[in-house]
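If you read the sequences in order, they're chains A and B.
The working numbering numbers the first residue of the first sequence as 17 and each following residue consecutively.
The working numbering numbers the first residue of the second sequence as 17 and each following residue consecutively.
Any given hint might turn out to be false.
[What the hints assert, rightly or not] Just a few of them, taken from the derived set where beta-carbon distance is under 7 Å, the chain A residues facing chain B:
| hint | residue |
| --- | --- |
| 1 | E61 |
| 2 | R206 |
| 3 | V224 |
| 4 | H259 |
| 5 | K264 |
| 6 | D281 |
| 7 | W282 |
These aren't lab readings, by the way, just hints derived from the structure by calculation.
Since the structure is predicted, the reported quantities are computational estimates derived from the model, not experimental observations.
Here a beta-carbon is modelled for each residue, glycine too, at the ideal position from N, C-alpha and C.
Protein chains: 2
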Amino acid sequence: MKELRYFFTVIIIFVSCSVFASNAKDPLPSWNNSTSKQRIIKFVESVTNIKSQSYVPKAERIATFDNDGTLWVEKPMYPQILFSLDRMRELADLHPDWQTNQPYKDILTGEYKNILSNNAEIMFQESVKDMSPEGYKSIAYNWITENKNPRFNKAHIELIYQPMLEVMDYLRANGFSVYIVSGGIQDFIRAYALQAYKVPDEKVVGAVFDTNYKVTKDNEPYLVYENKFLIRCNYEGKPEAIHMFIGKKPIIAFGNSNGDKAMLDWTQSNDQKALMLLVHHDDAKREFAYDVNSKVGTFPKSLFDHAEKNNWQIISMKDDWKVVFPFELKKMNKKLLEAQHE
Amino acid sequence: MKELRYFFTVIIIFVSCSVFASNAKDPLPSWNNSTSKQRIIKFVESVTNIKSQSYVPKAERIATFDNDGTLWVEKPMYPQILFSLDRMRELADLHPDWQTNQPYKDILTGEYKNILSNNAEIMFQESVKDMSPEGYKSIAYNWITENKNPRFNKAHIELIYQPMLEVMDYLRANGFSVYIVSGGIQDFIRAYALQAYKVPDEKVVGAVFDTNYKVTKDNEPYLVYENKFLIRCNYEGKPEAIHMFIGKKPIIAFGNSNGDKAMLDWTQSNDQKALMLLVHHDDAKREFAYDVNSKVGTFPKSLFDHAEKNNWQIISMKDDWKVVFPFELKKMNKKLLEAQHE
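Next up, chain A with everything else stripped away, as it sits in the complex (with noise of 0.2 Å):
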């Protein structure tokens, strides 16, 4: 037994070193040496390079992310559904008429796997009525880091990407402006991006309630939801919202789904090199695996094909990503702590 935990404990030491102590070199430490890693990192460097014929201006270096599945977990259910979903329960005793009127009784009674998305978009907007966006951000960031993930028994807040912490973290140390750009609810991300992601309220894009402009009797202004969506960013919104919030076309793009295609395509029509990658789920051990059937981040076969056609690189969860978490990589610091006191 002792010989044992000495092997592993020379394992632990072995793997751990080789995860960091290559930090300083390695931008990507959590990704394996494989070709989505490889693609990634000579592409950053042809259009860093100023003799390359690649290169790009940092003005023009613009990179976007997709958020759910793409930047943290989506399944079993988009924590923004979720959230709303408890919200309008929190609300449900001001609404008694909730009780019996469609759809609001089958939303409060119904399995959240079987909310429809026009059901969600009732639930969005009854989630931010008559609210400030501070009000609803502040709500919503209790809800995020306070709320678990049912699989994992984690806030969803720690449910993040670390492989794709390291990508934002490699861009902008490249002079990349690095973008959300979601199908959910801007201020629902602008609650926790810049905590999780480093990304600021200005560089979130995502779906946006229309607001009001009001003074209140002390001549204090705010700003309340109006009950309607002004943007919807998802499928050919994201382009579109793309050219209102940016006004440039992204070089490199990450998706994961159906409504990431447009942006893709946009992306690829840049006169500049161009990388695009989609996140595959298909790691049912450390995460989920799905794609072509789920309801949820759908990635249907003919969005492979249209992948494989057009180079797009998938990253594989399985293949391509030796942690999945953020608190995986403390749990390994951890071990290699002990490991060292023993």
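Based on the hints, put chain B in the right spot on chain A.
Just chain B, lined up with the frame of chain A:
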């Protein structure tokens, strides 16, 4: 005569030196040393001094500038209106019905002075109809750099305010993010904002036409304007757009008319120290003099009162600015060089 010429040469050298020699130290050389300049510098020094109680971290140093009348000349008529009118005249051959149908007939035959805001909206729509943002920006850029303001016989892109260029440079050098927040059309401003103001596309907030994402037969994606406004960015629309595009309140904001009041109120409601400024066009000799009764860039009595009550700074073009336009600097430089070579 010779003595007189000698005398003037000395004066020119003296004046020029006093303007330019101090450039290295003085961030705002085109400003007289009056209250406006002093307040801007005092404000910037205070929010950037980490030991100051008013210190503001870089990420929150948001500066917003109105465009028409704040950064460039808006008289005798907003350039956007003149451009759209020219555009409609160009397109008139393709629309024989415009010769008889209203309001097109009035627009095409009328004086720009009589164009009502309703008609302005129709003109804007016609000027973008069926176009891609890239195509529109290219036509707008040509117009802005070629069409001349009748008063100055200079292209519109030359009629930007030198003192404001210096303020923008000064703010950027002190870690501010400098945005334009204008009632004008976003892509019209983007057509020249980088060249004129060093403000990149992603920092131009303005009125937005809805776009549609389409794909050609050859699978090339493109955007085309829809014939309707998605976002209007004037009056209360300015703080609403600031929330959507930036997500943070400005700490310094510049405007020149009633359309900027809400933006400045919004800025003042910041928890951080904030400075609000309004350009007053009181210089008929060098530019234009207008305020209360002007239909373009209306600066009503109520705004003067509101500004005074709230300690907003009124910038007097006549008293606060040594020069108005960049080409005056060039003239001055030329005189200086000529004087040196005599």
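Comparing the hints with the structure gives:
{"no.": "1", "hint": "E61", "verdict": "24 Å, violated"}
{"no.": "2", "hint": "R206", "verdict": "6 Å, holds"}
{"no.": "3", "hint": "V224", "verdict": "6 Å, holds"}
{"no.": "4", "hint": "H259", "verdict": "6 Å, holds"}
{"no.": "5", "hint": "K264", "verdict": "6 Å, holds"}
{"no.": "6", "hint": "D281", "verdict": "5 Å, holds"}
{"no.": "7", "hint": "W282", "verdict": "5 Å, holds"}
Going down the numbered hints, you'll see the structure goes against just number 1.
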